[in-house]
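K.L.:
Those sequence lines, one after another, are chains A and B.
So the first sequence is numbered by the numbering used here: it starts at 1 and just counts up by one.
So the second sequence is numbered by the numbering used here: it starts at 1 and just counts up by one.
Source of the hints: derived by calculation from the structure; they are not laboratory data.
Please note that a few of the clues may not be correct.
Below, a list of computed lysine-lysine pairs in the DSS-like style, where the Cα atoms sit at most 30 Å apart [unchecked claim]:
id	chain 1	residue 1	chain 2	residue 2
1	A	44	B	91
2	A	44	B	61
3	A	44	B	33
4	B	35	A	35
Fair warning: this is a prediction, and the values are worked out from it, not measured in the lab.
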Amino acid sequence: MKRKAQIKMFETMGVLVIFFFLLVGGAAFYFQVQKSSLQQDIRKQEQLAAFQVVQKALFLPELDCSFVSIQKDNCFDKFKLMNLSSYLSDPENEDFLIDYFNIFGFSDISIYQVYPVNNSFSYTLYKNIPKDYSSIISTQSPVLLFDTINKRYDFGVIEVDVYAE
Amino acid sequence: MVGKKGIEMQFHWIFILIAGAVILAFFFSLVAKQKSLSEEKLSITLSSNMEAVFSGAIESKGTAQPLPIPKDGMEFSCSESCVCDFRIGNKATSFRDKIIFAPSLIEGQDALAWSNEWKLPFRVTNFLYVTNPNVKYYVVYVPGTQGERMFDRINKTLPPGLNIAVLKDPDVSGIPYEGFQETKFVFLDIPDSEVDLEALDSDFRKKQVSGVDIHQNTITFYEKLPKELVFTSASSPFVGEPLIFAAMFSADKQMYDCGLKEAFFKLNHVAKIIYGRAKLIQKNMSITKPECTYRLDDFEILIERSAMLSADVEFSQSISDVIGAANAIERENKNAILLSCPEIF
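So here's chain B without its partners, still in its complex pose (with noise of 0.2 Å):
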């Protein structure tokens, strides 16, 4: 008798632990289900919050503002194909119009956002730079030189809050590593056989090191292979200082040629309307004000030679001729307003 009953309260107990297994099994699979559909929807909410601040950052140009980063950082790149986006946690969101330049990585602290203006000459698009003072800048020029007198310039335009430091001679070779999570060198003006990043030291070989160099027209990016102190080294155009900066806080050549075409190609859509609306106050004030008239023939350079830039950023003579374009639609403004008729843009 005592023996059922043995068999039976043990029956009961393991009833009891499987139906408490169960029970366990479903409120586990519940917990582990709502944590990963709580995380994606703070990723959604997070990525698109961030759209809406990066829409509003970039429209208040020249202000710094200083942005909450989501605990695990955010990061930022361009494909070859040039989609660029930005990833909080698992959600890509695409810049989609907006042109931004930043680090690969930002975390830690606070990211410092600021936008500046692209014009050519009139306003074309601004820029959003993002960064964060977890990236050491290294400002290189040799005093005296045009690299000085270019530091003066955008020293003025920086926004405070950056991690910078100036060196007045391009051998880096006894900079340490202060354990910075990026390091950038910006070198102005310094010929390209002077710049020698290999000269570092070796505590930086394994860490993110890149630098620019801004000489001559042309801005040369040197990006290094990881684990080892060697650099590649190849080089974009640039138009314009907003253009130095896109090269100061891209994370690589790729950010920053995706952002020049988007620029160039946005460049093709505003020339296009300004010169639609030249033509039309000229038509307009030929009886009235015949001495208001226009040269025009620059936009059409400006327009042909953009939408080829917006296909492909490369050194040829398109940039020279941009640059003459919007130099001559500048002056031809100019006259505009020295004969008191309605400006060109």
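Looking at chain A on its own, in the form it has when it is part of the complex (with noise of 0.2 Å):
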């Protein structure tokens, strides 16, 4: 009689056993697909936050192109270019790339012409890499740039590159 308790007692402990052990291998294969799940949502924040680095540099009023104060989109000041351009890479104003910082995080922005050729026209606007990164999204864009002497609109291309943790 004992023995047969023993034998039921282990009977029990053998469907437990079983039980936590499928309990937690569907445990582990649904952390996995939680994670992965994260992963795809966390790159989503990423492609988020680098369009919006984007968004912003086509739309600071420090580089816009106006006349008569009405604005044309997607156009740069070359001049304008130009001086925020040597602000922003003069290690003397250090204090101008700490204020940006807010705005570009840690990217890489670089405008340059195109048409018609003029491989001298080519700035980096803001450079802030960290040392460490996940990955970096790239993006280009087409812009305008506004000559203001010869009053001539130039194309360009504007290239960021955002950089994730």
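Assembly of the complex is requested from the two constituent chains, each provided in isolation within its own frame, with the hints serving as guidance.
P.N.:
Next up, the structure:
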């Protein structure tokens, strides 16, 4: 009788062990799925953040082209661009770079002219690359570059690399 | 024998009970953890989506757009050190570079977001105003005064969908409480001595009520003490119509002042860039078009004063200096257009 009870007890224990084994297996699978969905979400958020950086750069009042106070979309004034670029790259104006960190975060923004071909017109607007980063999201967008002196619009490209930590 | 079997059965059931309790506890803890995790995840997702929406809305000037609000609402606040953020659930997200003016809590109905440019005289930044129909605005002015003209101007810019009522008498004692989450009185060019919010109906005593008075280049904020119909007042300066809207939609003076400081900070940067540009144009045009010379001294005033104001918004000569310099730069720009010279900004 004692032996029979012991067998019964072992049976119950066996059922429990298998149950917990399946439970742990199921939980591991579930958490793995959760992890990959979380990673997907993080990637989506990073892309959203990168898009925001491009959008902010395109609408920066410091760079806009305006004629009689009317702004032109997706256009940068060449002289304003040259000025802001020199401010942001000057080590003496480190405060300026810190202020723009709020807008651009960890990114590298450069603008260059493509038509008419002018290799000398290529500026790094902002550059702040973290020491460690997990990914880079690169975006290129066509822009107009306004030449105030000649009252002419040239074609250019803005390249934005956003670094995700 | 039967007694022994009975004891065995009892132990069996006790074992099942304990095992069941352990299994149940495991599942309950898993569900509770999962619930808090998904709530946190949801607030993070909502906050970053909302930030993206704000970034988009701030660029599309002049257009009002409805924003779906999470069911628990959305809080906006600025600390004394001007750390401004919006909060969804437990997740606080900083305004960062955005200048947002909004009530302290938006809930219930969809919010309305619209933006407006702040020019001095060139575009400095865009302000984002967020509100919803749960806030009742009473605009108060006396017909035939500067206040009426001010109202006509701002009424053309205000987006539809706001709950606005017009009062043509500064006496607010007859206004009944209409059950809105917040009531805001906007006095246009009414002398401070004629503003008496303490005369409001006693139904307003425990409700959220505030007021602003736009009068002679200053904005006076009236903030109610909790559970009392007693108001404190304090003033701030303003420059341009977009700041009238800012005062109207701000949760309090703190939020307005923080936005204003940030705006002057941006003005300082933009002025430096445009000043540099004007000097470059002048240098390039000196041979081909020598008549294109600009008077640029006012930029120095603008840069210096805006730096001061970005550190501390106060009543001082700085505000009128900024306005004077901005007007002078605008005149100079018009002259440049008349002379067919490149514009200064």
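K.L.:
Compare the structure with each hint and give your call.
P.N.:
Taking the hints in turn, this is what the structure says about them:
1. 44(A) with 91(B): Distance of about 18 Å is within 30 Å: holds.
2. 44(A) with 61(B): At roughly 27 Å apart (the allowed maximum being 30 Å), residue 61(B) and residue 44(A) satisfy the hint.
3. 44(A) with 33(B): holds (24 Å)
4. 35(B) with 35(A): holds (16 Å)
Consistency note: the structure conflicts with none of the earlier hints.
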